[in-house]
Amino acid sequence: MTERSTTDTTRPAAWYTSSLVSLPARAVALVLAGGKGSRLRATDDPELHRTPKVLVPIDTPAGRVPMLGHVLDALAAAGFRRIAVLTSTCPQAGAEAVETYALTRSARQVELTIHREDHPLGTAGAAYAALRDLPDTPAAVILPADTLFPFSRLPSAVAAHCSLAAAVTWTVTTAPGQAAQNAGRLFLDPDDHYIVHALEGVDATLPAGSRQSLRQATSTGAVVLTPTAFQTLFEEYAQRLARPAEADLYRQFMPWAISHGHRVGAYNIRTAAPDLGTPERLAAFGRTA
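Under my numbering, the letters of the sequence shown match residues 1 to 289, in that order.
Hints are all accurate, no fakes.
Label pairs and their in silico Cβ distance ranges: (1) Pro244 - Thr17: 43 to 51 Å; (2) Ala183 - Thr10: 44 to 52 Å; (3) Arg11 - Glu99: 55 to 63 Å; (4) Asp44 - Gly79: 35 to 43 Å.
Please keep in mind that the hints were generated in silico from the structure rather than gathered at the bench. Idealized CB from N, CA, C, for every residue including glycine.
Work out the full structure, taking the sequences as your base and the hints as a guide.
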């Protein structure tokens with residue numbers, strides 16, 4: 001993001017200014033594509049049993065394509081020229097099929113890399129490991145492949161993150177829709193700049209009276225981060241564990257960061273971003289045709 005500023009706003013030409021919102025050069029999108037798809041397999045649909053989760057086809061304006069294909073196309077359209085697909089060693093995740101598809105689907109102008117974890121790392125651990133292979137990245141966006149995020153909002157989310165004093169910024173929505181997962185479990189400060197409490201994935205309680213004074217929000221899955229700051233914070237988190245273990249970005253790492261006084265930014269997209277991780281939501285939002 002480049003900014004134009006002036007101290008003399010008395011002259012009309014000096015007052016009528018704007019800021020160009022664009023992705024920083026070498027920004028990268030980290031696509032989480034290692035999910036087991038356990039909830040989708042809890043049906044009688046043979047396609048959901050035999051297909052890796054992120055390769056399940058969904059209906060899009062461009063036709064019926066796998067979830068991962070939709071994400072890769074949308075990220076390229078949003079301006080990302082570097083995309084990293086994070087895969088898993090879990091047999092149910094179908095890493096080889098996912099990786100082959102990603103490499104063949106990726107747009108020509110995109111530099112695509114594959115990062116397969118050596119053992120289960122969790123979403124935060126997988127992002128940390130991948131970023132070690134991307135040392136020249138000034139900004140990164142982590143997002144799951146099974147969420148219908150409004151990708152055109154990502155450059156603005158990155159710009160908002162760069163203006164905050166935070167290692168990570170969690171994109172949220174205050175208009176999640178009726179079928180949102182874990183709705184209202186995040187709480188924003190009065191200015192909507194930071195997340196001050198997170199009940200996502202943890203058995204936590206709010207201070208007395210907080211629920212009435214703070215605005216509730218819902219996670220949309222996308223997280224913007226400054227790699228060096230995130231890596232330093234993740235290392236602090238990992239050092240406090242009894243032993244190295246899987247680290248979930250949404251249910252463990254970020255709630256820990258918030259509860260220990262680290263600033264986690266908030267970017268409110270104010271619209272729904274349905275996750276397709278259950279048969280019901282897949283049918284409602286991903287197979288509407």
